[in-house]
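In case you want the letters, here they are:
2 protein chains.
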Amino acid sequence: MLPGKVQQLVSLLARLPSVGEKTAQRFAVFLATRDPEGARMLGQALIEMSDTIGRCQHCGNLAEMHGDDAPVCDICADTRRDVSTLCVVARIQDLMSVERSAAYRGYYFVLGRLLSPLEGIGADELPLEALRRRIDGLRRDDGACVREVLVATPPSVDGEATALLLAQELKDLDVNVTRIASGVPHGGDLEYADPVTIGRAIAGRRDL
Amino acid sequence: MLPGKVQQLVSLLARLPSVGEKTAQRFAVFLATRDPEGARMLGQALIEMSDTIGRCQHCGNLAEMHGDDAPVCDICADTRRDVSTLCVVARIQDLMSVERSAAYRGYYFVLGRLLSPLEGIGADELPLEALRRRIDGLRRDDGACVREVLVATPPSVDGEATALLLAQELKDLDVNVTRIASGVPHGGDLEYADPVTIGRAIAGRRDL
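Chains as they are written, first to last, in the numbering used here: chain H, 1 to 208; chain C, 209 to 416.
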């Protein structure tokens, strides 16, 4: 029903997360009719991105590539950060959330996936070796090095399992493995919080 | 936080309908990390589309451009269709829905917008002249021409207002202006249908 070139665009758009055939059609028709200039710019931005953006060799964050060198992201390239903590996150978006909070000034490591028995993802599919290399590689000339690994995986079943696995795996290293707090979110209502969240808020209580 | 090229991609993706900053970031990170080949193909498809796809000069549907000729869509180019009815729809997606139903075999006209007092869209912003030209232009050598204009705008306030306007506007022509039925949808439950829908189903009842 749609011209072939538009149909091809629809199939490619439908590969995006949480985008189905109908939404992809809506995007394609919008780009073709309301925003043709935007379509061209988007096309160029996509090609440029696939030419110049890779994963940081140290942490897995997105990074600009310069020639044939393995890319290093802006965070890993920043030598003024606190070298004593390394924050482990599941996804690049989680890294961005932690950065936005401005509550953390150390370095990161992106796992890319979580331990998930249900989806058949075991410990051997997590980049544990790369994590060890990152911990080892974070060293300053004055001897400062990683003292704490803050596990900021989500407080879900898979996220908790991954956190426990990391604590186990890094036991032999001289680092403190810590976990972000789970509890009632800022501005949240106790009335609408689920029992597990309330339970965690109580278990994680602290002195005032 | 994201490399500049990725941030630029995020801003362009956020122009898509119902896509906000967060969703655009998710799309961009997905394309950069999980589907880099798809990102390049999507980019090429977008550029190709903006080079080769335009609006049909007759009906406003999407159409492939060939050289400098004003484009004509596959439907308008198909001379085997029933020339006696012209279906008026609001959007290209609605045309596709009617086509999928296989209940209609005539030609189309895409308005592109609906009369909307709330959004300040008046009758002079609807392509009424182009609609008249389309009705006039649909003629076969044997004298067959448009006898019925089926208004398939949605049964919303704006869609109904547009349908009434079209009936008024086309009064001087020798065509029957008809309207799609509104009622309880196939497989729908009367219990959960809203009162207006039930009212329309009753008002539109027919003999068995």
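Keep in mind that the hints were calculated from the coordinates and are not lab data.
Treat each hint with caution, since some may be false.
[As the list claims (entries may be wrong)] Calculated lysine to aspartate or glutamate pairs in the EDC-like style (CA-CA distance at most 16 angstroms, straight line):
1) H:K5 <-> C:E272
2) C:K379 <-> C:E327
3) C:K213 <-> H:D136
4) C:K230 <-> H:E99
5) H:K5 <-> C:D302
6) H:K171 <-> H:E129
7) C:K213 <-> H:D94
8) H:K22 <-> C:D344
9) C:K230 <-> H:E64
10) C:K213 <-> H:E148
11) H:K171 <-> H:E148
12) H:K5 <-> C:D344
13) C:K379 <-> C:E337
14) C:K213 <-> H:E129
15) H:K22 <-> C:E307
16) H:K171 <-> H:D136
17) H:K5 <-> C:D282
Taking the hints in turn, this is what the structure says about them:
Note on H:K5 and C:E272: the hinted pairing holds, with a Cα-Cα distance of about 8 angstroms set against a maximum of 16 angstroms. A C-alpha spacing of about 26 angstroms is found between C:K379 and C:E327, which places the hinted pair above 16 angstroms, so the restraint is violated. Our distance criterion of 16 angstroms between C-alpha atoms is broken by C:K213 and H:D136, whose separation comes to about 31 angstroms. Distance restraint check for C:K230 and H:E99: the Cα-Cα separation of roughly 15 angstroms lies within the 16 angstroms cut-off, and the hinted pair is therefore satisfied.
Distance restraint check for H:K5 and C:D302: the Cα-Cα separation of roughly 19 angstroms exceeds the 16 angstroms cut-off, and the hinted pair is therefore not satisfied. A distance of roughly 14 angstroms separates the Cα atoms of H:K171 and H:E129; the hinted pair therefore holds under the 16 angstroms criterion. Among the hinted pairs, C:K213 with H:D94 is inconsistent with the structure: their alpha-carbon atoms are about 20 angstroms apart, more than 16 angstroms. Of the supplied pair hints, the one linking H:K22 and C:D344 is violated, its CA atoms being roughly 33 angstroms apart against a limit of 16 angstroms.
The suggested pairing of C:K230 with H:E64 is violated, with an alpha-carbon distance near 21 angstroms, which exceeds 16 angstroms. This hinted pair does not check out: C:K213 and H:E148 have alpha carbons roughly 32 angstroms apart, beyond 16 angstroms. Taking the CA atoms of H:K171 and H:E148, the gap is near 12 angstroms; set against the 16 angstroms cutoff, the hint holds. Of the supplied pair hints, the one linking H:K5 and C:D344 is violated, its CA atoms being roughly 31 angstroms apart against a limit of 16 angstroms.
A distance of roughly 14 angstroms separates the Cα atoms of C:K379 and C:E337; the hinted pair therefore holds under the 16 angstroms criterion. Our distance criterion of 16 angstroms between C-alpha atoms is broken by C:K213 and H:E129, whose separation comes to about 30 angstroms. Simply put, H:K22 and C:E307 have alpha-carbon atoms about 15 angstroms apart, close enough for the 16 angstroms limit, and the pair holds. Between H:K171 and H:D136 the CA atoms are separated by roughly 14 angstroms; this keeps the pair inside 16 angstroms, and the hint holds.
Taking the CA atoms of H:K5 and C:D282, the gap is near 13 angstroms; set against the 16 angstroms cutoff, the hint holds.
Hints 2, 3, 5, 7, 8, 9, 10, 12, 14 from the earlier list are contradicted by this structure; the remaining hints agree with it.
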